[in-house]
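Novice: The lines below spell out each chain.
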Amino acid sequence: MASITRAEVSHLARLARLALTDDELDRYAGQLDVILASVATVSEIAADDIPPTSHSVPLTNVFRPDELTPCLTAEAALSQAPAAEDSRFRVPRMLDEEA
Amino acid sequence: MTDVTTWTAARTAESIASGEVSAVEVTQAHLDRIAAVDGKVHAYLHVDTEGALASAAAVDARRGSGETLGPIAGVPLALKDVLVQQGIPTTCGSRILEGWRPPYDATVVSKLKSAGVVILGKTNMDEFAMGSSTENSAFGPTRNPWSLDRVPGGSGGGSAAAVSGYLAPLAIGTDTGGSIRQPAAVTGSVGVKPTYGGVSRYGLVAFSSSLDQVGPCARTVLDAALLHEVIAGHDPMDSTSVDVPVPPVVAAARMLDVRGLRVGVVTELDGEGYQAGVRQRFAEAVELLSSLGAEVVEVSCPSFSYALPAYYLIAPSEASSNLARFDGMRFGLRVGDDGAHSAEEVMALTRAAGFGAEVKRRIMLGTYALSSGYYDAYYGQAQKVRTLITRDFAAAFAQVDVLISPTTPTTAFPIGERADDPMAMYLADLCTIPSNLAGNTAMSIPCGLAPEDGLPVGLQIMAPTFADDRLYRVGGTLEAAYVDRWGHPLLEEAPAL
Chain Y
1 MASITRAEVS HLARLARLAL TDDELDRYAG QLDVILASVA TVSEIAADDI PPTSHSVPLT
61 NVFRPDELTP CLTAEAALSQ APAAEDSRFR VPRMLDEEA
Chain P
1 MTDVTTWTAA RTAESIASGE VSAVEVTQAH LDRIAAVDGK VHAYLHVDTE GALASAAAVD
61 ARRGSGETLG PIAGVPLALK DVLVQQGIPT TCGSRILEGW RPPYDATVVS KLKSAGVVIL
121 GKTNMDEFAM GSSTENSAFG PTRNPWSLDR VPGGSGGGSA AAVSGYLAPL AIGTDTGGSI
181 RQPAAVTGSV GVKPTYGGVS RYGLVAFSSS LDQVGPCART VLDAALLHEV IAGHDPMDST
241 SVDVPVPPVV AAARMLDVRG LRVGVVTELD GEGYQAGVRQ RFAEAVELLS SLGAEVVEVS
301 CPSFSYALPA YYLIAPSEAS SNLARFDGMR FGLRVGDDGA HSAEEVMALT RAAGFGAEVK
361 RRIMLGTYAL SSGYYDAYYG QAQKVRTLIT RDFAAAFAQV DVLISPTTPT TAFPIGERAD
421 DPMAMYLADL CTIPSNLAGN TAMSIPCGLA PEDGLPVGLQ IMAPTFADDR LYRVGGTLEA
481 AYVDRWGHPL LEEAPAL
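As they're listed, the protein sequences go chains Y and P. Residue 1 is where the first sequence starts when you use the numbering used here, and the numbers rise one by one after that. Residue 1 is where the second sequence starts when you use the numbering used here, and the numbers rise one by one after that.
If we strip away everything but chain P, and leave its shape as in the complex, we get:
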């Protein structure tokens, strides 16, 4: 038998449905690989061996009884540790939730279970999704499968490393400022931030509620689309989920045609501060799109230069409020409950002991930005920037169907390089943040290796709200053209673990 861990989700599901391989065999192969190599990568925080094998056996039994299986039934998946799964430890990469076992399933988890997806375990992340390198996890960093001394991006570095390291064909991520797309870019995988409101957030531990969105991570555009269709859709349990039809992303991923599509290159997301190899691969992607029949023009979005400062006011402000729930009273860690300390003192001791440095930094930044006397100058002004960025997108999408840019200004940086410099770390999300602020949808696909360091470069595609299918049309077409050009998918060039 060939190594099933190298298969796409689409091929895996077909092979299970046809009986070529059983879901249990596929799951066991992934569990074996995790046991063999995840010590080097540290993509997973928790592996649910028993639960995964039981779900796989249930899929095999359903097939045995003649039931028609769904499009990704039996396919293993890695779940970012910020979504709750009943009875399975959920930490958000934080000591404050160490040992906590959620009493219910997130809607996304319920949907995955109904679709017969096999959840292998929970993936590592920057604490409460705050970071761009997964170095802020309380449980140690995840390493980039392309180069073990480099970061896998963040906050969803565990999910991206699981997918690119063949430790799962599919993963779930969350994207508040780029936490799906930036890790996808630096690990040579595919990541999608669906339109805000497109995927339920019930059971997602909130970081920044006006920005957070759940989305798919995969090795191919079609696989991402298959997962996207399973998790998307209106949920009455999430009052910010929108009751509109799920965009036809799977059909779009199979179109393989961009002729006549209007593509805008964002002037402001390129140039000074971008690594030479990133700029080179991006320029080639622009040429490739033209040669495939797309109409490429340059588009200016002048307010994008204010996106990063606006984000680092809005996200910490919302985080300072959302993370108030971690008070040591109802769940998670409690420190100092010795009869001598008041409830308020216990809260302060618990939070000081349970939160890491970046989380504390952002809570204080948010507390400052929301405090009386500073609110208008910081938070209020950031919300106006948000209006301007939304207007820039609206004007751009009046001229073009999709926008493109590099996903990140640089390739994966060495572990430790930016750990003590918060502002340098924040720059990793320069290109991804505008779509979080405006709520529109965006994707990252691999577009080659930077010549100077041999590490993956990501191309970002952005589309209007609830036009997620356009991402898959462009991404799928480009991916096929790249495979033609390279003779194989980019990930096949990654060193063996």
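Excised from the complex, chain Y in its bound form:
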């Protein structure tokens, strides 16, 4: 497996919505490389006939009756919002004007 480059770390940070500084990018490039080299040992196991386990509980679909139950009021849900307006979350512009 290839080692991770600074450009890749920068791409990951963008995917993860983390506005990292240049110093952070340099530091994480080195650390992620060490960690990935270590965890890559999972590739040592021969895996062709082994099914993956996503979680340990033998449950697949969990259903409940389709009935209304009480939930948070709009006021309670908005009480902790960074910004609210007209009973809604106020958010920054979602669409860029530039094409």
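Partial list, derived from the structure: chain Y residues whose beta carbon lies under 10 Å from chain P:
hint : residue
1    : Arg17
2    : Glu24
3    : Tyr28
4    : Gln31
5    : Ser38
6    : Val42
7    : Ile50
8    : Pro51
9    : Leu59
10   : Val62
11   : Ala76
12   : Ala77
13   : Gln80
14   : Pro82
15   : Ala83
16   : Pro92
No wet-lab data here; the hints were simulated from the structure. Beta carbons: idealized from backbone N, C-alpha and C, even for Gly.
Go by the hints and put chain P onto chain Y.
Specialist: This is chain P only, laid out in the frame that chain Y set:
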């Protein structure tokens, strides 16, 4: 009056029920001790003085009106700051949630309140439960009551320090890779990771959803059992909670008999890399179990050596997805909302400002492991390791009733020692991770002090899924034998704060 902060939860509840002491007196004694010594330990992030005294007064009123109280009614408890409690600040040790007051109670919190448990406050933790030392808290580290320059373990170092420092007889922790058991081991207390699906996670801020489990922290095995029974059970609000009866953990804690029980020593969880004093105390625990009539054999779990790498792929992958909800739009911190930045830019600025170094590191590690082209080699392969580890446990539990190992390879390390070396830090969870990956239940109990540094060593007991009662049977029996041998509980040897 004797110092009620040194009492077990069991004795405290009995004394409140009999009228020897009031719940308000017990709560006030703990609040006083927190005010006096928590400046040194920093177990708590928030103390709810008013709420705690009001809950205690309500318990006293119920007793006064002739009501029969539950088994831990009136007992104070410290709640890890990763579970939501309505109106009480909940930060997960992160700046991104600083000042947030949840609008609802976690199911575990509702159950505690119904049982008359008095919630003293919220405990410190590694940010979003990522860490093994509580040094990753945005609000400063917690110190180990045994030695204030050492870590109390993590991520639940605050809960473990609260219990071992007599700042609460009970605490709630969460265990994703060892965050209840490893802090218990290095603070000389008892910690249990119940079976995955055994305790509701509704209202637990998710880190790694296929691994996270809520569980009890206490100073004795019986106290842990009493708390376990209160918080366990199926919850329709948590689709991963399993609808099976709660294992009889309290009865098991009182059995004090392991004769005929088959105990397996895991070959792979000992040897090179383990501190000499840890190995010595572990070997003594094995002998003690034999002398108490258990049948001890050695059992091999060859895939356990891949547990740590598999965990550090699965947990960060799930975390990178779970922590996407912290986007600065609906709750918590928002940075850069000045009209000039787009929503996407505000998200990136908020997350960069609000998350600490370890959280960012794991989010990127998880993003990498899940990205196209690497998914099969990393995440996919880790999930296959998980299958092999589950098979190892199944084969082992076909031969024995419980498995044992040291809980951690070393005793508490000095604050700062591993802060800049993520891989060294990750090794602290070497022995605890297999049970998270397989979902089975495990406990840590104190088994003595390491001769070279005088710090507590933990013994880990592992049992099959929904056989949590076996942990309490073995833990309770060993604990009684140790108290006989030492003449007192281990925590009495801790220096006064």
